[in-house]
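Engineer: Turn these sequences into a full structure, and let the hints steer you where they fit.
There are 2 protein chains.
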Amino acid sequence: MARNKHPEQTFEKIVVTAARLFVEKGYEQTSVQDILDATGLSKGGLYHHFKSKEQILDAVMQRRIQYVNKRFQELIRNTPGKNAKEKLKKILGQLAADAETHALDQALASQLDPHFVVNGIQTCVDQDAPIVAGLIREGNHDGSLHVQQPELCAEVFLMLLNYWANPVLFHRNSEETKVRLRYLQSVMIQLGLDLIDDSLIADLIQAYVQ
Amino acid sequence: MARNKHPEQTFEKIVVTAARLFVEKGYEQTSVQDILDATGLSKGGLYHHFKSKEQILDAVMQRRIQYVNKRFQELIRNTPGKNAKEKLKKILGQLAADAETHALDQALASQLDPHFVVNGIQTCVDQDAPIVAGLIREGNHDGSLHVQQPELCAEVFLMLLNYWANPVLFHRNSEETKVRLRYLQSVMIQLGLDLIDDSLIADLIQAYVQ
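Chains as they are written, first to last, in our numbering: chain A, 1 to 210; chain B, 1 to 210.
Mixed in with the good hints, there may be bad ones.
To be verified - Restraint ranges, calculated between C-beta atoms of paired labels, are given here:
| no. | chain 1 | residue 1 | chain 2 | residue 2 | range |
| --- | --- | --- | --- | --- | --- |
| 1 | B | E12 | A | K43 | 37 to 45 Å |
| 2 | B | V209 | A | K90 | 39 to 47 Å |
| 3 | B | K70 | A | K90 | 43 to 51 Å |
Stated by the list, open to error - Straight-line Cα separation of at most 27 Å, DSSO-like style, residue types lysine-lysine; simulated pairs:
| no. | chain 1 | residue 1 | chain 2 | residue 2 |
| --- | --- | --- | --- | --- |
| 4 | B | K13 | B | K43 |
| 5 | A | K51 | B | K53 |
| 6 | B | K53 | B | K13 |
| 7 | B | K70 | B | K13 |
| 8 | B | K51 | A | K25 |
| 9 | B | K25 | A | K51 |
| 10 | A | K53 | B | K25 |
| 11 | A | K53 | B | K70 |
| 12 | B | K25 | A | K25 |
| 13 | A | K82 | A | K70 |
| 14 | A | K70 | A | K53 |
| 15 | B | K25 | B | K13 |
Worth flagging that the hints you see were computed from the coordinates, not collected in a lab. This structure is a prediction, so every number in the text was calculated from the model and none was measured. Using N, Cα and C, we set each Cβ at its ideal position, and we do this for glycine too.
Structural biologist: Take a look at the structure:
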């Protein structure tokens, strides 16, 4: 068999195809053979890059982290706002409406694939929260926010917003979800992070219904 | 082969053995064959009760839910206290020190088996929080607590205490965990649920170190 002259393209192909299969079938229901069939690669071609399905999962998750980080950074650079609070509110609104960000997460969450839920929780606390904390510090500085311990506040906010208030994880209807988003709104106001408004709640409910 | 005259004992044996194997090896690394070997059952003997490993997992998780509920109810009945707040604080202290409650959870969490983490999150919000909310309502009634929306407050409290502040899930050291427990203490004080004190924080750090 001819040697692959573009190993990075093969790597890419495996990761993209595996992500699609994990979304369609669930991680545990996807076999290495399924990935071979869908990519048309030989066993040797795949094992050159990945020794196991777990390693492919790691690469898929790594890509999700990179994607969200890139998207976050883009939004931070390109979202106008008279201060950090307004900027953060707009960014949250855009993320809620951003179908692409949700595609992988939602599809995986709706299958409740526990690997993705746990990885998502770790990513939101370890990777996303520090980015939000940076903007909170900016808001404390420009006077639009008054948050003590921005890092910890961001962790709590994202953990509750993305997971506790997630209807898929707890099989909740829109009304039950709305009640929780309103409670989260009141909690965050008490912590000085007044970002959740009626329009964000409406956008989130809308995103979850889809 | 003689028919089993005590099907409920066989069921029990499978669930207990499977729980032990899941703890020792992890859920995904445990095969049905491992469970057959460890119980000495035939394939037919096991499949009479469970059609798949997933069904065994469900039974193990069901048992964990029943155990924690029973333990909670016992503590609520048998823990003395001059009011609901004092009672809740003592119950939390006892749960933190209760090795048996932690055995399954900790062992599974330390392997970070995502099935157990996700099921644990769902159980804590859907099953444990309503029990805590009952005691919070009692505290609102006897004047020892002043909590709005006891159900939602209990959900947020348990989700943050058991998962966000969990060092195993985020690979944190004792100091990083202590900082989060102190922040949670200040958040819960603002929500009117002043239950976390220095001795609970010390007990939790101690329990996690083990």
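Engineer: All hints are to be evaluated individually against the structure, with a verdict given for each.
Structural biologist: Cross-check of the supplied hints:
Look at B/E12 against A/K43: about 43 Å separates their beta carbons, and that is inside 37 to 45 Å. Between B/V209 and A/K90 the CB atoms are about 43 Å apart, so this pair conforms to the stated range of 39 to 47 Å. Taken as a hint, the range 43 to 51 Å holds for the pair B/K70 and A/K90, whose Cβ atoms sit roughly 49 Å apart. With a C-alpha separation of about 14 Å, the suggested pair B/K13 and B/K43 falls inside the 27 Å cut-off, and the hint holds.
Note on A/K51 and B/K53: the hinted pairing holds, with a Cα-Cα distance of about 25 Å set against a maximum of 27 Å. Using a Cα cut-off of 27 Å, the hinted pair B/K53 and B/K13 holds, with the two alpha carbons roughly 15 Å apart. The suggested pairing of B/K70 with B/K13 holds, with an alpha-carbon distance near 20 Å, which does not exceed 27 Å. In summary, the hint linking B/K51 to A/K25 is supported, as the alpha carbons are separated by about 21 Å, within the 27 Å threshold.
Simply put, B/K25 and A/K51 have alpha-carbon atoms about 21 Å apart, close enough for the 27 Å limit, and the pair holds. A C-alpha spacing of about 18 Å is found between A/K53 and B/K25, which places the hinted pair at or below 27 Å, so the restraint holds. A distance of roughly 39 Å separates the Cα atoms of A/K53 and B/K70; the hinted pair therefore is violated under the 27 Å criterion. For the given pair, B/K25 sits about 25 Å from A/K25 by alpha-carbon distance, which is consistent with the 27 Å threshold.
The hinted pair formed by A/K82 and A/K70 meets the criterion: a straight-line CA distance of about 23 Å does not exceed 27 Å. Distance check on the hinted pair: A/K70 and A/K53 sit about 26 Å apart at the alpha-carbon level, within 27 Å; holds. Between B/K25 and B/K13 the alpha-carbon distance is near 18 Å, which keeps this suggested pair within the 27 Å criterion.
Hint compliance for this structure: hint 11 alone is broken.
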